Amino acid sequence: MAKILRVENLSKTYENGSKKLVILDKINFDIEEGETFAIVGPSGSGKTTLLGLSAGLDRIDDGTVDLCGQNLSELDEDGRAELRNRHVGFVFQNFQLIPTLTALENVAVPLELRGDSSAENEATALLEKVGLQDRMHHYPTQLSGGEQQRVALARAFCNKPKILFADEPTGNLDEATGKNVVDLLLSLNKDLGTTLVIVTHDLELAKKTQRILKLRGGKVQKLQNQQ
Amino acid sequence: MSSHRSKAGFSWLLKMAYRDGKASSRKLFLFIASIVLGIAAVVSIQSFSTNLKRNIALQSKSLMGADYIIDSDQLPTEKVFGIIDSLGGAEAREISFASMAAFPGKQGTKLMQVRGIEGGFPFYGEIETTPAQAGRNFKKSSVALVDATVMLQLGLEIGDSVKIGNARLKIGGALNNVPGSSSIFSSIAPPLLVPFSAIDESGLVQTGSRIDYKYYFTASEDLDMEKFDEELDPILDANEADLDTHLSTSRRLGRRYENFAKFLNLVAFIALLLGCVGIASAIHIYIKEKVASIAILKCLGASRKQSFQIFLIQVIIIGLIGSVIGTLLGLGLQEFFPYLLQDLLPVELDLQISPLVILTGIILGVSMSVLFALYPLLKTLDISPLQTLRMQQSAGSNKRYKFLVSLAVIIFIWIFAFWLLDNWLYAIWFVLGLAVTFTILSGFAALIMKLVKKYFPKNWGFPVRQSILNLYRPQNQTLILILAIGIGTFLISTLYFTRDLLLAQTTLESKQNTPNMILLDVQSEQKEQVKRVIDSSDLELLEDIPIVTMRVIELKGRSTNEIRNDTSSTINNWVLDHEFRTTYRDSLSETEEILEGYWKSKYTGEGAVPISISDNLAEDAEASIGDRMIFNVQGVQLETEVASIRSVDWSNMQINFSILFPTGVLEDAPQFRVMTTRVQDDNTSAKLQQQLVKKFPNVTIIDLRQVLKVVEEILGKISWLINFMAFFSILTGIIVLIGAVRTSKYQRIRESVLLRTLGAKNAQILKILGLEYLFLGILGSMSGILLSFISSYLIGYFLFDTTFIPSWIPFLVVFPAITALVVIIGLVNSYSVVKSPPLAVLRKELG
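Each protein sequence line maps, in turn, to chains A and B. Count along the first sequence from 1, then add 329; that gives the number in the numbering used here. Count along the second sequence from 1, then add 589; that gives the number in the numbering used here.
These are computed hints drawn from the structure, not numbers from a lab. Take the hints with a grain of salt, since some may be wrong.
Below, a sample of chain A positions facing chain B; criterion: calculated Cβ distance under 8 Å [said to hold, decoys possible]:
1. Leu-386
2. Cys-397
3. Glu-406
4. Asp-407
5. Glu-411
6. Arg-413
7. Gln-425
8. Leu-433
9. Val-438
10. His-467
11. Gln-471
12. Leu-472
13. Gly-474
14. Gly-475
15. Gly-500
16. Glu-504
Just so we're clear, the structure is a prediction, and the values are computed from it rather than from any experiment. By construction, the Cβ of each residue, glycine as well, lies at the ideal position given by its N, Cα and C atoms.
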């Protein structure tokens, strides 16, 4: 299997006055196409920073990240945006829907950015798939948390991403809704072969992935295979 | 990879701008309102002045009544008559002068501009009268036409009599409008039209009287009026006459109104700039609220440029909508201006819509919206997609862009000011003045805030302390609010203070010995009799000034004709053409002060006569101490020498002179006298005027109190229009205020919900909010009033050379009114904060 994400000696430090704060310290791992992968660790361990850097949301200071065969250090901000648009999907803890757009418009945005003329039809089909055919013209504030996360999932998969990054996808949902969302994520991974990278506190959720990376104090504590 | 960019095109950007704008329409409404008011103010003035200029040009012939006029303030010389004959002879002529008109049987007298007309005048336009035919028949019927307002004031009716000098005529009609009568001058000396023959009969045309002779001509269509003016005017000038063509007259008139329009345009432009401050502030907050959406868009693959363009398009569309609405509103508003200005307008206005004005309004509105929004819009470039995962501070935007945007704003303001003022230096001063005002206001506000924070009593109650702290909360809008309130208040107060300054210049001193009634044209032989009439009215003759009229014929060894023909001469022409009214005395008056040379009180009979000239005359005649001037004193040449140059306080409404002779020279020259007295009330004034007019019909009486009343009325009308424009600034200020209050509403909601969760009562929350707005109102309006007071004081000191005594209106009315307005707007907009229970507010507002 080809590597879809390769992280080598990735470090991140922030300057806090005269003090240097090490957030990530020489992280190494890689993920194969179609794999499900969890990043776990206590608060402040660097999980979200690792996700941000791996997905090209932030500039890399030290180390290398290869995403979908592209060295992220070689890309400027717009180049990374283009890469995300073509190959990467996101699901966030707080859904991150654009509040001024309807559910349908939110889902259509990534396709529209590609210049896809059938964006609206595809977005409609995806929303039907996640069971929101009756709610597609509603604004995010008019939807429940579960519904919002389903819209976010539809949006994440609309551009048929090679890799999907999920940051605490069940963090803001009740148990039953959370379970539904996880099932949806895993079934999409199965059906479409999308690589899944999940950052979570929830060990139960992590256990449903093929590999778990445990972070502590910005360092890899353990990288374990589940199966 | 970086060359392979998103394929979403302009239509997608438009779609996104629309989608986002649609859901934010309530917030965008305030942006639109900010630009609407500013553009409405600018367009209304622009359109009105364009229309006025066009109407003046269109009606130039009817304004004058002819194609051109040759006029002179003395009986034209043989040469001028020769020129008139060579032009085919005048088609109409007129003699006019100011004189007292008496209305026997009505116990009324009035200073009027008597116009004796012969021939077919007016050749364009018409003499508008009631009844209408009176204007056409008055010459044939030998009747007089009396200004309609005077008819009303004095209760005159058609068939009553009017007496001017020795001539007595029946009133044939009320005069509503006549070509050639200036509307402002008509307020002081309203027109009285009589047949030409009545002038001789009146016996008022005597040596020394101020008589104007006019000869009216029509011209064929193919006459090049500009060339004709260029060729003939210098010849007439050399012969103490003047040529006025309908073109030059309309240009002169247009310029006079243009200056006023320029001033109003600047006031309107300031209202627009204030709106722009509001836009910048609102976009700043708007973009802040959009940070998450922009981060998501970037996360989904939108480029920096695309996310910037989405909001830029919104701003352009908002600016366009606001400009179109503002332009339409402005075009509608100009319809009110003729009512506000009434008699001050020289022509009947036919208001038309000018495409250029519409284009100006729209371009200006869109450009200003974009320029002022660019600075906060630049922040979109710095928003990181990482903010979808965690809130973080955006990196500072590119300093070069910020500098370029600031530079563009300044250049645009300068270009627009230049376009309005037509003078690059004035435009620079305007931009600098604006920058200084903004800097001082914000500096002053910052200083007061600092002082309040430092010295506010810590032991005061919680609500007061909390409300003060609110002014310093992170992301506060305090400075913007104070600036908006301050600028609006500054404008309104300055308008009041400037009016005070202007009125102070014309106010009569109330001292017992300051004259307020001037008797002109008293012949020397009438002196004793006039004095007796004044005495018999228990009044005091305050001054008896001899007047001798003369003209300059030689200056510094060169004849006036020689100077006129010298194209390199910079001596002002009025000096060469003017008929000077001089006097002689042995001392200087209180309003005069010697600046150079020595005052000689008596002429010893040796050498040239030592005279004293005013500093403005010295400057315009380029004369200095020792220079020779030869005067023609009614046929006799008199050689003089400038012995002293003195300053004269012309603003003092008394009899002042440019040229002053010592005693011992002019005593035997033909002369008339000006006498002054002081009357206490209207009744005494009317009685004295009636007696004097009856006995001395040639004497012209000016009651300065009435002149002052007219000046006040004119200023009143002008200030109405200025207030109207300032109202736009205040209204824009209110919009900015509402916008700022609304945008900081969420912060207040969070704070008040927290306070209420901790047990604060509604009354306490309201008190905190109310006090916060009260402080804002006080700081803003006080800053504005104080700055305005200081600038008016400096203008008074340096420009008018007078002590500025401010009116109390800004302090007693404007200050509390604006403060109250701020508190009301603040509380009304915050009402929902206290209306709902904390949980409902948290759910609804914080989602």
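Taking the hints in turn, this is what the structure says about them:
1. Leu-386: Interface hint status for Leu-386/A: holds (5 Å vs cutoff 8 Å).
2. Cys-397: violated (10 Å)
3. Glu-406: Check passed: Cβ of Glu-406/A comes within 6 Å of chain B, closer than 8 Å.
4. Asp-407: Since chain B brings a Cβ to about 4 Å from Asp-407/A, closer than 8 Å, the hint holds.
5. Glu-411: At about 6 Å, which falls below the 8 Å cut-off, the nearest Cβ of chain B leaves the hint on Glu-411/A intact, so it holds.
6. Arg-413: With a minimum Cβ separation of about 5 Å from chain B (threshold 8 Å), the hint on Arg-413/A holds.
7. Gln-425: holds (5 Å)
8. Leu-433: violated (11 Å)
9. Val-438: The hint holds - Val-438/A has a Cβ within 8 Å of chain B, the shortest such distance being about 6 Å.
10. His-467: Violated, because the Cβ-Cβ distance from His-467/A to chain B comes to roughly 12 Å (cut-off 8 Å).
11. Gln-471: violated (11 Å)
12. Leu-472: Violated, about 11 Å.
13. Gly-474: For Gly-474/A, the interface hint is violated, since the closest Cβ of chain B sits about 11 Å away, which is over 8 Å.
14. Gly-475: Nearest chain B Cβ about 15 Å off; hint violated.
15. Gly-500: Constraint on Gly-500/A not satisfied, violated at 12 Å.
16. Glu-504: violated (22 Å)
The structure fails hints 2, 8, 10, 11, 12, 13, 14, 15 and 16 (numbered hints given earlier, in ascending order).
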